[in-house]
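Colleague: Build the full structure now, drawing on both the sequences and the hints.
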Amino acid sequence: MILRRALAGLLAAWIAWAPAPPAEAYLKIGADSGGQTVALSWKQTPVRYFVTDAGVEGVSAPDFRDAVGRAFRAWQDVSSAKVSVEFASFTEAPPLDEDNTNILGFLAHPDMECTLAATNYVVDTRSGEILEADIFFNSMFQWSVAPSGEPNRYDLETVALHEIGHLSGLGHSALGETEITPDGGRRVIASEAVMFPIAFAAGNVSARSLRADDVAGISDLYPDGAFSQTGSVSGQVLRNGQGVFGAHIVAFDPTDGSLVGNLSLDDRGRFSIAGLSPGPHVIRLEPLDDADVTSFFSEGTQVDLDFRATFFDRLVVVPRGGDSGSITLQVVGK
Amino acid sequence: MRGRPWGAIGVIVTCCLQAGPVWAQRSNDEASQGLELSAGTVWIGKVAVGTRDATLTGSGGNRFRLFSTSSELGGATGFNVRVGRHVTSIIEAEVSASYASPLLTTSLSGDAEAAPATAASESITQFTIEGGALVHLMRGRPQSRVLPFVTVGGGYLRQLHEGDTLVQAGKVFYAGGGARIPFVSRGADKRLRQVGVRIDLRALLRSSSVMLDGESHVSPALAASLFVRF
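In order, the protein sequences belong to chains A and B. Be aware that the first sequence starts at 1, since it is given in our numbering, and climbs by one per residue. Be aware that the second sequence starts at 1001, since it is given in our numbering, and climbs by one per residue.
Where hints are given, some of them may not hold.
Stated by the list, open to error - Derived CB-CB ranges, DEER-like:
#: 1; chain 1: B; residue 1: Leu-1226; chain 2: A; residue 2: Gly-325; range: 51 to 61 Å
#: 2; chain 1: A; residue 1: Gly-325; chain 2: B; residue 2: Ala-1097; range: 23 to 33 Å
#: 3; chain 1: B; residue 1: Arg-1063; chain 2: A; residue 2: Ser-33; range: 34 to 44 Å
#: 4; chain 1: B; residue 1: Ser-1123; chain 2: A; residue 2: Asp-306; range: 26 to 36 Å
#: 5; chain 1: A; residue 1: Thr-301; chain 2: B; residue 2: Ser-1107; range: 54 to 64 Å
#: 6; chain 1: B; residue 1: Arg-1063; chain 2: A; residue 2: Gly-69; range: 21 to 31 Å
#: 7; chain 1: B; residue 1: Ser-1107; chain 2: A; residue 2: Asp-183; range: 32 to 42 Å
#: 8; chain 1: A; residue 1: Gln-302; chain 2: B; residue 2: Ala-1203; range: 26 to 36 Å
#: 9; chain 1: A; residue 1: Glu-299; chain 2: B; residue 2: Gly-1074; range: 48 to 58 Å
Derived by calculation from the structure, the hints in this document are not laboratory data. The structure displayed is predicted, hence computed values, not measured ones. Note that CB positions come from ideal geometry on N, CA and C, so glycine has one too.
Modeller: Take a look at the structure:
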């Protein structure tokens, strides 16, 4: 068994202020296994977790446990997914130690001035099984568990909801819009996925509930119940006959307004978006042209950015319990 | 004496002149009994089936528009068949089926990343099976060559998306009127009693998942059929 400890500082952290793409996708975290990519997921459930018995100003350890419990419950309540977790107890141990226990707690990381929280795994890279996962919340920030939020304090439940998505095996979604700030940073102005890599400003509690993109992602990882009644769209993105890697493809359901996306993930530009409601969908795609690609892919990954956002000129019908059949999306250079 | 032949002729002429209306009354009342079969074409008008923006949650809880959509189920020409039979002297029960293939089109515009506005579409194969009642309006005016009626009914709507990838069922209701114009009308003792053209104009209410806004929508429908009555 090959064990790999990965401090997923970029893939699995929720950053407060950093470059990020205005794009749409849920993404599963993958591990390379002999040239094949396997999705990370828990094979043994329920996942038992511990909470570090230490609070910070404004958030006691029991407050922390309760907020984290609400966030876990949000993922467990997804009817089309089977997510099973169990609070074990408080512990004196801090998160991030490799100790065969899953620990959530505060840690001070002044060196990570843009990182609100991060998730850290121990995985079997051959099977993709997650063996251990810890989440640390950076105590250098001000935190809140107030029901309506507090000014200048980050909402713990919101950030926990995001990190638990990572703990479950989800990567970042790019379903959001950002703008460049005067200091060269990037500020999120809108998003439609808890798994978007940049948090709303301190005090905001509008991301306490999962969106369609999050639900599709977790259901794709741990399918259950109604997931068999959903369908998928698959195909490839081509530019001048060549596959486009890293294009953001989003499926919009005009009956309920839901947005679910994914990325083209190989050199042939192939993609698949699962967990979609049966019926016609609008397909839109755009490049990660103002993104920090490392929020989504490993360092050094070459992503094709040189094409224009476009719509597919056909409505794509998602069948119940099946796939639309491969579609070909053509893009043109900017 | 000299006047009697004229009188006889006058009687004969009178009888002949009266024979027409008497025969017509028999044909339109009696000939229109029995079983009617009709087949023809139907045109269904287009209908808007919903507008919706693709939105993201803004930082202030507002909705940020990514792009806008507006959908329409297009007009289509198809065909229909119908069977009818009198249940009273003026009311006829009918069963009909129709086929049409409208285009479902969604117009896309206002993209936040300046994606060019376009229209995305797919073809829908639509079948209906309906039952209804037809009420004759001019039963007491047998000399008329145009026989108006009103109709009302409802039934089952089945719509298949492009490539038969998904079936969606719904309901259809209609109300309207029309007229039969017989070319041939014969007595009730004849096997083939009546042949003619039938025109129907209806308000068609359809409700199904193809209506992307989940609402029921009314569109006009016009049908022209050739009918035969046995």
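Colleague: Give a verdict on every hint.
Modeller: Here is what the structure says about each hint:
no.	hint	in the structure
1	Leu-1226(B) / Gly-325(A): 51 to 61 Å	violated (41 Å)
2	Gly-325(A) / Ala-1097(B): 23 to 33 Å	holds (30 Å)
3	Arg-1063(B) / Ser-33(A): 34 to 44 Å	holds (41 Å)
4	Ser-1123(B) / Asp-306(A): 26 to 36 Å	holds (34 Å)
5	Thr-301(A) / Ser-1107(B): 54 to 64 Å	violated (36 Å)
6	Arg-1063(B) / Gly-69(A): 21 to 31 Å	holds (30 Å)
7	Ser-1107(B) / Asp-183(A): 32 to 42 Å	holds (40 Å)
8	Gln-302(A) / Ala-1203(B): 26 to 36 Å	violated (59 Å)
9	Glu-299(A) / Gly-1074(B): 48 to 58 Å	holds (50 Å)
Violated hints for the displayed structure, listed by number in ascending order: 1, 5, 8.
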